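Build out the structure end to end from the sequences listed, making use of the hints.
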Amino acid sequence: MKTIKPLLGIALAGMGLAFGPKADQPLKDAFKKDFYVGAALSYRQISGQDARATALIKQQFNTISPENLLKWEAVHPQPDKYNFKPADDYVAFGQQNQMFVVGHTLMWHQQTPKWVFEDADGKPASREVLLKRLEDHINAVVGRYKGKIGGWDVVNEAIDDQQGNLRKTKWLEILGEDFAAKAFEYAHKADPKAELYYNDYSLYRPEKREGVIKLVKSLQAKGIKVAAIGMQGHYGLTVPTIAQVEASIVAFAKLGVHVNFTELDIDVLPNPSRRQGADIAETFGADAKYNVYTTGLPDSVQQKLTRRYADLFALFHKHRDVIDRITLWGVTDADSWLNDWPIKGRTSYPLLFGRDYQPKPAFRAVVQAAK
1 MKTIKPLLGI ALAGMGLAFG PKADQPLKDA FKKDFYVGAA LSYRQISGQD ARATALIKQQ
61 FNTISPENLL KWEAVHPQPD KYNFKPADDY VAFGQQNQMF VVGHTLMWHQ QTPKWVFEDA
121 DGKPASREVL LKRLEDHINA VVGRYKGKIG GWDVVNEAID DQQGNLRKTK WLEILGEDFA
181 AKAFEYAHKA DPKAELYYND YSLYRPEKRE GVIKLVKSLQ AKGIKVAAIG MQGHYGLTVP
241 TIAQVEASIV AFAKLGVHVN FTELDIDVLP NPSRRQGADI AETFGADAKY NVYTTGLPDS
301 VQQKLTRRYA DLFALFHKHR DVIDRITLWG VTDADSWLND WPIKGRTSYP LLFGRDYQPK
361 PAFRAVVQAA K
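If you read the sequence shown in UniProt numbering, its first letter stands for residue 1, the second for the next number, and so on.
It should be emphasised that the hints constitute simulated quantities derived from the structure, not laboratory data. Here the structure is a predicted model, which is why all the values come from computation and not from measurement. Hints should not be assumed to be uniformly reliable.
[Claimed, not checked] Quick list of simulated restraints, FRET-style, between CB atoms:
(1) Ala74 x Gly345: 22 to 28 Å
(2) Ala243 x Ala92: 22 to 28 Å
(3) Thr294 x Gln78: 38 to 44 Å
(4) Lys225 x Glu73: 27 to 33 Å
(5) Ala92 x Lys214: 37 to 43 Å
(6) Val250 x Lys225: 33 to 39 Å
[What the hints assert, rightly or not] In silico DSBU-like cross-links for lysine-lysine, where the CA-CA straight-line distance does not exceed 30 Å:
(7) Lys193 x Lys132
(8) Lys33 x Lys304
(9) Lys217 x Lys371
(10) Lys81 x Lys32
(11) Lys146 x Lys170
(12) Lys168 x Lys189
(13) Lys146 x Lys193
(14) Lys214 x Lys225
(15) Lys33 x Lys85
(16) Lys217 x Lys71
(17) Lys254 x Lys81
(18) Lys148 x Lys189
(19) Lys132 x Lys71
(20) Lys371 x Lys58
(21) Lys289 x Lys32
(22) Lys168 x Lys123
(23) Lys344 x Lys71
(24) Lys28 x Lys114
(25) Lys214 x Lys189
(26) Lys222 x Lys254
(27) Lys33 x Lys58
Yeah, the Cβ is synthetic: ideal placement off N, Cα and C, and Gly gets one too.
Next up, the structure:
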């Protein structure tokens with residue numbers, strides 16, 4: 001084992017990645033006694049089309065999530081058609097590299113084809129028809145990767161942003177309030193050993209936190225095990241506060257569940273939305289005042305980003321007894337969805353590795369947080 005890191009360093013140096021036997025400790029090693037550290041991947045990265053990113057992923061991470069490959073519209077676009085090739089490759093990549101593989105996501109109100117909710121005449125499907133479609137989909141997808149995918153985001157973003165009530169979606173409208181319970185039941189039946197999660201954004205907000213607590217308690221009352229709550233960490237430089245994030249970690253732990261930070265990134269750009277979240281339906285037109293660092297990140301902002309990541313990972317390390325996984329939503333700044341949300345074409349800097357595939361100052365601050 002002692003020869004692996006030098007050889008890896010030589011290989012990566014040949015690809016222009018400045019890591020070697022004396023360089024920074026990889027994230028997965030820095031936190032190996034605490035929790036998994038991972039990234040959300042695109043097909044370009046797992047297929048080798050972006051070889052530098054692929055090398056970086058193998059070196060730094062021990063868990064992976066699919067950014068889009070396992071969402072319903074991608075894997076099951078038509079009633080009688082499944083598109084498993086990209087997902088198969090994703091799972092194989094994780095297995096080949098001894099990573100904890102995550103499935104994302106089985107039930108969501110976005111990126112689900114219209115046909116799922118409609119009958120042959122384009123009218124709303126009945127509860128019975130929609131339940132059958134949901135069960136068939138989960139059986140096919142979870143069943144295919146039984147024993148290979150270690151945990152699933154079963155239900156995604158089912159709580160509304162304002163009051164903490166169940167979000168008004170087609171799932172709720174047609175199935176009623178047991179929609180989440182049904183999804184968890186089907187997933188557990190398809191792979192009894194897989195961890196099952198509830199995943200959502202802005203869970204530092206008290207109203208939304210209480211809504212998730214109520215939902216999880218209702219599932220637990222039915223005998224359904226929720227292994228962890230996924231807190232999407234789509235944060236800004238100052239919002240939420242560390243205390244707000246910590247309050248939710250503590251509150252969720254009291255339910256007897258663990259916590260994952262599933263979609264971590266820090267938006268350093270001005271945001272036209274008053275929300276701090278990830279509602280992909282909320283978009284805005286191009287405006288230069290929201291794209292202010294097109295030629296590079298000023299040192300003063302780089303320092304704020306570094307401090308922000310250091311503070312967050314210090315918090316994660318403090319609560320490592322209940323935190324199982326930290327997943328960054330992307331590998332390098334170039335991959336981030338924040339380049340196109342909530343405004344297309346922005347130059348964003350939300351991750352630990354820059355567009356040059358090199359570690360940013362924030363990376364080193366995160367590694368230090370482990371110590």
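A quick look at each hint next to the structure:
1. Ala74 x Gly345: 22 to 28 Å: Once the Cβ atoms are compared, 23 Å apart, the range 22 to 28 Å for Gly345 and Ala74 holds.
2. Ala243 x Ala92: 22 to 28 Å: 42 Å, violated
3. Thr294 x Gln78: 38 to 44 Å: Distance hint for Thr294, Gln78 holds at roughly 40 Å.
4. Lys225 x Glu73: 27 to 33 Å: Between Lys225 and Glu73, where Cβ atoms are some 28 Å apart, the hint holds.
5. Ala92 x Lys214: 37 to 43 Å: 39 Å, holds
6. Val250 x Lys225: 33 to 39 Å: Given range 33 to 39 Å: violated, Cβ gap about 21 Å.
7. Lys193 x Lys132: At roughly 23 Å apart (the allowed maximum being 30 Å), Lys132 and Lys193 satisfy the hint.
8. Lys33 x Lys304: Holds, at about 28 Å.
9. Lys217 x Lys371: 36 Å, violated
10. Lys81 x Lys32: Given that 30 Å is the threshold and the Cα spacing comes to 40 Å, the pair is violated.
11. Lys146 x Lys170: Distance of about 28 Å is within 30 Å: holds.
12. Lys168 x Lys189: 27 Å, holds
13. Lys146 x Lys193: Measuring from Cα to Cα gives roughly 8 Å; hence the hint holds.
14. Lys214 x Lys225: OK: Lys214 and Lys225 at ~14 Å, within 30 Å.
15. Lys33 x Lys85: 34 Å, violated
16. Lys217 x Lys71: The given pair, whose Cα atoms are some 26 Å apart, holds under the 30 Å limit.
17. Lys254 x Lys81: 42 Å, violated
18. Lys148 x Lys189: 15 Å, holds
19. Lys132 x Lys71: Holds. Lys132 to Lys71 sits at ~18 Å (cutoff 30 Å).
20. Lys371 x Lys58: 22 Å, holds
21. Lys289 x Lys32: 41 Å, violated
22. Lys168 x Lys123: 18 Å, holds
23. Lys344 x Lys71: Holds. Lys344 to Lys71 sits at ~22 Å (cutoff 30 Å).
24. Lys28 x Lys114: Not satisfied, since the Cα-Cα distance of roughly 40 Å exceeds 30 Å.
25. Lys214 x Lys189: 24 Å, holds
26. Lys222 x Lys254: 18 Å, holds
27. Lys33 x Lys58: 18 Å, holds
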